Amino acid sequence: MTNKESILEFLEANAPGGYCDDCLSEQLHIEPRQQVNQLCNGLAHQMRLARAKANCVGCGRNKTCNTLTAVPGEMLGELKATLYRRTSDALEVETPVSMEMRLEQDPSKAIVANWQRVLWFCRSLWEEKHGSECTLGLADLIDELGDMGVLRRHEAIMMHTIRLLRNECLYDGFAVRPLDARVSCAALKVIASWAENREPALWRKAGPSVGEAQAR
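If you want the numbering used here, it's the 1-based position in the sequence shown plus 3.
Some clues are possibly wrong.
Derived SDA-like pairs (lysine to any residue); straight-line CA-CA distance at most 20 angstroms [to be verified]:
| # | residue 1 | residue 2 |
| --- | --- | --- |
| 1 | K132 | G149 |
| 2 | K192 | I160 |
| 3 | K7 | L167 |
| 4 | K208 | F177 |
| 5 | K132 | K208 |
| 6 | K208 | L182 |
| 7 | K112 | K132 |
| 8 | K66 | Q37 |
| 9 | K208 | V193 |
| 10 | K132 | G176 |
| 11 | K7 | L182 |
| 12 | K192 | Y174 |
| 13 | K7 | L31 |
| 14 | K112 | L182 |
| 15 | K132 | R207 |
Label pairs and their computed distance ranges (CB to CB) [claimed, not checked]:
| # | residue 1 | residue 2 | range |
| --- | --- | --- | --- |
| 16 | M4 | Q49 | 16 to 22 angstroms |
| 17 | N58 | G134 | 41 to 47 angstroms |
| 18 | M50 | I160 | 20 to 26 angstroms |
Keep in mind that the hints were calculated from the coordinates and are not lab data.
Because the structure is a prediction, the values reported are computed rather than measured.
By construction, the Cβ of each residue, glycine as well, lies at the ideal position given by its N, Cα and C atoms.
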């Protein structure tokens, strides 16, 4: 993952709060600190984030802080993943035909939905192990769970696949195709086969995703 992507994922995970360059450098281990300044100035020029004087969430000082101009999920009219605490009764079971139609009509929504499922599940795993909310971006969160032995490497790779497809769609403006959405759903199927055995309650509560019916 690039340093630019690390910054965007971290700011998204902690939205709407803003962080100064020094705190981003410390939190994300990006050195030298001037590199963070250059990257954030470039992202501000691209209107992906805003830079303005504010109290930094990290250090509390009044400095030039970086905040997302819009939470990527909200760009597609989606709620933040933390709101997707649904029980299995709330899941909408789709038929293969209706799912295929959705993939054809709006593959980007399919990719975002699967990302939301993975994000909520990973945050729930973190909270279960640590007893506190996670402020990591999804890439770092997946890696941390892997280092803790909570995730196997294979499922972690599938999660990164879903994450990268979603970021390419929302951060880079890539015009995703139905084929890309099918890749995301196939990766979710692999994750589901493992999660339903290891953490069935958390997985069911993670909320609906386009890949849900395919995972069954």
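Taking the hints in turn, this is what the structure says about them:
{"no.": "1", "hint": "K132 <-> G149", "result": "holds, 13 angstroms"}
{"no.": "2", "hint": "K192 <-> I160", "result": "holds, 13 angstroms"}
{"no.": "3", "hint": "K7 <-> L167", "result": "holds, 13 angstroms"}
{"no.": "4", "hint": "K208 <-> F177", "result": "violated, 30 angstroms"}
{"no.": "5", "hint": "K132 <-> K208", "result": "holds, 17 angstroms"}
{"no.": "6", "hint": "K208 <-> L182", "result": "violated, 27 angstroms"}
{"no.": "7", "hint": "K112 <-> K132", "result": "violated, 30 angstroms"}
{"no.": "8", "hint": "K66 <-> Q37", "result": "holds, 15 angstroms"}
{"no.": "9", "hint": "K208 <-> V193", "result": "holds, 18 angstroms"}
{"no.": "10", "hint": "K132 <-> G176", "result": "violated, 35 angstroms"}
{"no.": "11", "hint": "K7 <-> L182", "result": "violated, 27 angstroms"}
{"no.": "12", "hint": "K192 <-> Y174", "result": "violated, 25 angstroms"}
{"no.": "13", "hint": "K7 <-> L31", "result": "holds, 11 angstroms"}
{"no.": "14", "hint": "K112 <-> L182", "result": "holds, 13 angstroms"}
{"no.": "15", "hint": "K132 <-> R207", "result": "holds, 18 angstroms"}
{"no.": "16", "hint": "M4 <-> Q49: 16 to 22 angstroms", "result": "holds, 18 angstroms"}
{"no.": "17", "hint": "N58 <-> G134: 41 to 47 angstroms", "result": "violated, 27 angstroms"}
{"no.": "18", "hint": "M50 <-> I160: 20 to 26 angstroms", "result": "violated, 32 angstroms"}
The earlier numbered hints that this structure contradicts are 4, 6, 7, 10, 11, 12, 17, 18.
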